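Mind docking these for me? Both chains are given alone in their own frames, and the hints should help you get the complex.
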Amino acid sequence: MIKFTSVTRDYPKTGAALKDVSFHIPKGEFAFLTGHSGAGKSTALKLMYLADRPTSGDVRVSGFATARMSQREIPRLRRRLGIVFQDFQLLAERTAEENVAFALEVTGARRATIGPRVMRVLTQVGLASKAGQYPRELSGGEQQRVAIARALVNDPLVLLADEPTGNLDERATRGIVQLLKDINASGTAVVMATHDLDIVRTVKGHLIELQQGAVAYDSADDAAQPESAAP
Amino acid sequence: MSLVLRETALAFRRAPLLSALSVTTVAFSLFVFGLFGLVAVNIRRTIGNVAERVEVVAYLKRGTDIETVTLAAQDIEAFPEVLRVVHVTEEDALARARHDLVEFKDIFQDLESNPLPASLDVRLKPEFRDAVHAAAVADRLRAYPFIDDVRFGQDWVEKLDRLRNIAGAVGAVVGAAFALVAIIIIGTTIRMAVLQRSQEIAIMRLVGATDGFIRRPFLLEGLLKGLLGGLGAVGLCYGAYALIDAYLLRASFFTVAQALIGIGAGGLLGLVGSSASVGRHLRNV
Numbered sequence: 001m002i003k004f005t006s007v008t009r010d011y012p013k014t015g016a017a018l019k020d021v022s023f024h025i026p027k028g029e030f031a032f033l034t035g036h037s038g039a040g041k042s043t044a045l046k047l048m049y050l051a052d053r054p055t056s057g058d059v060r061v062s063g064f065a066t067a068r069m070s071q072r073e074i075p076r077l078r079r080r081l082g083i084v085f086q087d088f089q090l091l092a093e094r095t096a097e098e099n100v101a102f103a104l105e106v107t108g109a110r111r112a113t114i115g116p117r118v119m120r121v122l123t124q125v126g127l128a129s130k131a132g133q134y135p136r137e138l139s140g141g142e143q144q145r146v147a148i149a150r151a152l153v154n155d156p157l158v159l160l161a162d163e164p165t166g167n168l169d170e171r172a173t174r175g176i177v178q179l180l181k182d183i184n185a186s187g188t189a190v191v192m193a194t195h196d197l198d199i200v201r202t203v204k205g206h207l208i209e210l211q212q213g214a215v216a217y218d219s220a221d222d223a224a225q226p227e228s229a230a231p
Numbered sequence: 001m002s003l004v005l006r007e008t009a010l011a012f013r014r015a016p017l018l019s020a021l022s023v024t025t026v027a028f029s030l031f032v033f034g035l036f037g038l039v040a041v042n043i044r045r046t047i048g049n050v051a052e053r054v055e056v057v058a059y060l061k062r063g064t065d066i067e068t069v070t071l072a073a074q075d076i077e078a079f080p081e082v083l084r085v086v087h088v089t090e091e092d093a094l095a096r097a098r099h100d101l102v103e104f105k106d107i108f109q110d111l112e113s114n115p116l117p118a119s120l121d122v123r124l125k126p127e128f129r130d131a132v133h134a135a136a137v138a139d140r141l142r143a144y145p146f147i148d149d150v151r152f153g154q155d156w157v158e159k160l161d162r163l164r165n166i167a168g169a170v171g172a173v174v175g176a177a178f179a180l181v182a183i184i185i186i187g188t189t190i191r192m193a194v195l196q197r198s199q200e201i202a203i204m205r206l207v208g209a210t211d212g213f214i215r216r217p218f219l220l221e222g223l224l225k226g227l228l229g230g231l232g233a234v235g236l237c238y239g240a241y242a243l244i245d246a247y248l249l250r251a252s253f254f255t256v257a258q259a260l261i262g263i264g265a266g267g268l269l270g271l272v273g274s275s276a277s278v279g280r281h282l283r284n285v
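Going line by line, the protein sequences match chains A and B.
Residue numbering for the first sequence follows my numbering, beginning at 1 and increasing consecutively.
Residue numbering for the second sequence follows my numbering, beginning at 1 and increasing consecutively.
Pulled out of the complex, with its shape left as it was, chain B reads as follows (with noise of 0.2 Å):
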């Protein structure tokens, strides 16, 4: 092991320029990569912002007594898809009504009676912030006698559905592509180090070195730049991300997570990259 790691540091040592070249590369295009990534997140927590005010409400009928609301209320909050709901009386309605609609405030002073009716307002769990669920919570709701009429905005929620959907599509084969063009570029990197040290492989073969031998140095030293050049990427990342916070738009970095998943990919992009490029050579000579 110490050998690997020797002929390691000595090609790192030996080839400054060259390893650094390799680490940039690796960093700017997974940087590209990176920069997807960030896009990614912040329409995925966009959408889920939106998502977030994904409601079924459900208007009771004048006179329904409080104890059947109270138990209905928490009847419905077992339900699955359901994270908690809230019971609007007829008299916080029209509070909110006067809070929220200031415009009709003159309209609201006046009333000699409420007009606005009682309801339960249920709010869904985050995975089921979508038409179908909130479809099925709504036709569970008007099967109870004392509710009047289930809303929950259903146009909306399935354009919500179609943006999800497309963010979801172009995401994914966007994705992939920035991905694979990572993946070709650093492939190309490292099979310039490989045949760099041509020489010396084919001098460890004559002397009697195993393939498996051979390969353990520059598994390694991909490994490294990946990881290297992984990090450069977040680092890169986090540069634009705190321009564009500062300059342009309010927008969110990686989780600490994200970052290190995204450096573990570098890695690993490194030591698949390595692996093929000197696999490929040993077989070649």
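Chain A on its own, in the form it takes in the complex (with noise of 0.2 Å):
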């Protein structure tokens, strides 16, 4: 599903962001990426989402070959995932199901199709009632459960989620996990960046912790075990 092999990502003026890091997330699994800020959680992510390029190594992502792929491929993979973020990225002046559709209407989905499409997703992330509403008005909860039907309307195969929980209260943070968690129940890969450990403790995943760009602890791989984040 994903993979990278002895990938390093070098920044000329910051260093190396990423080191020789390898790891592999199976189809469907839950996985999280861990570390401080400045861990390369983010540039991991975004190796995988293309919108940044290895120095050296291999990514691959649900059989693309990243490496190889020229600029123009790439909307092709990005339409097989869902990406949210800390700051949601929704537009300002589109109401929830207008955010929704966006995604849909890019891709030359058929009109017709469109609206039960997103009505779907907003059912399943509960904002169904509120489809009509600005971001400005909602949330930020709210808003992240936009951005997660956002990212789940064109039936992706992984959900790339960075510190999705980052701006909300605990509270909210509980219902996003426990979304992530249904999603992944049926059948969508998860891979999600966070430094919050508490969040990983109540998900039975896969962890991949980084620290200073390497791989520090991987709990596919039996070999290491760091003593902070310990399952």
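Honestly, the hints are just simulated from the structure, not real lab data.
This list has only true hints and no planted wrong ones.
For the chain B half of the interface with chain A, some residues (derived, Cβ under 7 Å), not all of them: (1) R14; (2) I203; (3) L206; (4) V207; (5) F213.
Label pairs and their calculated CB-CB ranges: (6) B:R14 to A:S186: 29 to 37 Å; (7) A:G63 to B:G212: 18 to 26 Å; (8) A:S186 to B:V4: 32 to 40 Å; (9) A:D182 to B:G212: 33 to 41 Å; (10) A:R53 to B:G212: 17 to 25 Å; (11) A:R60 to B:R14: 33 to 41 Å; (12) B:L268 to A:E170: 55 to 63 Å; (13) A:E137 to B:T188: 30 to 38 Å; (14) A:R60 to B:I183: 40 to 48 Å.
Predicted, not measured: the structure shown is a model, and the values here were computed from it.
Here a beta-carbon is modelled for each residue, glycine too, at the ideal position from N, C-alpha and C.
Shown next, in the form of structure tokens:
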């Protein structure tokens, strides 16, 4: 599903964000990328959705060998991924429904199919009753649910979430984590970057801990065992 | 297609101020270019009016019979440069002199015999009204045995040529400069619109929109803003022309075709400007 093999990402000014990172996230798994700020979690996610490319090494995402992909092929990969951010990244002047529909429209989906699909995912995230509201009229947790609905509407193979609860209070965080668990239970792989170990403890999943750009612990690999992130 | 239209309409509705601002900017930068165009059109028309007087006059030897002259006139009229040939008899010449040179009326009254020669007045086609072609026609006319002398005001025709060349060169340079300024201003305006929507573009990319898909609404927006700006510029130019014509000097305005070309050029500028701005933005993010 997602496979990193000896991946290094060097930035000319700030140095290496990832150093010789290898891991494998199989299909349908719930995986956590944890670590302190600057550990390389976001960089690893960016390499997965091709907002960035590795300096060396190989990144494979759902069958795509990303190193050889041309700029024109990137949209094809992204349509098979759902991406969620800490700051929601919703379009302020569109309603919840329009924000979700937008993700279908850009793929050229048939208009007649868009409405029902949007309502299905909004119902799934528990926001069907607020479809007509604008992001500013919604709470943080609700906005993140809209973002998750948008990520789900294309039936992605994997949902990539970069600190999705970073801007949320405890209650909203619990709600979002439960939603991600439900999504995973229905077959979609989830890769979540977070520094919040409380969340990690509530989910039985694959744990990859990054430290200063290197893999410090991988629960799929029994060789290493750091003290801080023992499940 | 309907999505592109909807997105474009949305862009205008969501940022009416910025849209109005860019249309106004396009209109005013094209207006400056248009004013220059008006000056060029009027100079060209004035030169054209002067050039209409370029005429080659072949004076005939006395006693040339009318039949020879008529045949020759037909012959000359067949020259590729020649528009028409008018045979001015000695009597016509005198009558014309009496009419045109009123101050010498007395002299012409007291004449015992007519001193003025008959002539063939040769008018050239508009595209041949310059010194080189007039001289060529004059040379060919001199070859007729019954023609005494040929005049076409070589000196002033050459001056006219020079004036035409200067006007053309200045026109091209200044016109290009104004056009360049207009392109830069319009490009910057459209770039602002692109930057204002950079977050939207980023999100579109994340959900898998192709660059072509992202570009289309911007291109349509640029085209529409350019066309509206062009229309505004033509309106402003008409206002300026009306004021000048009413209070300063008689002027002429663009033809309908020229005005339409101006509006079309606005649209094209908008299209090219937005294509360049969006393209650059998409390459850089």
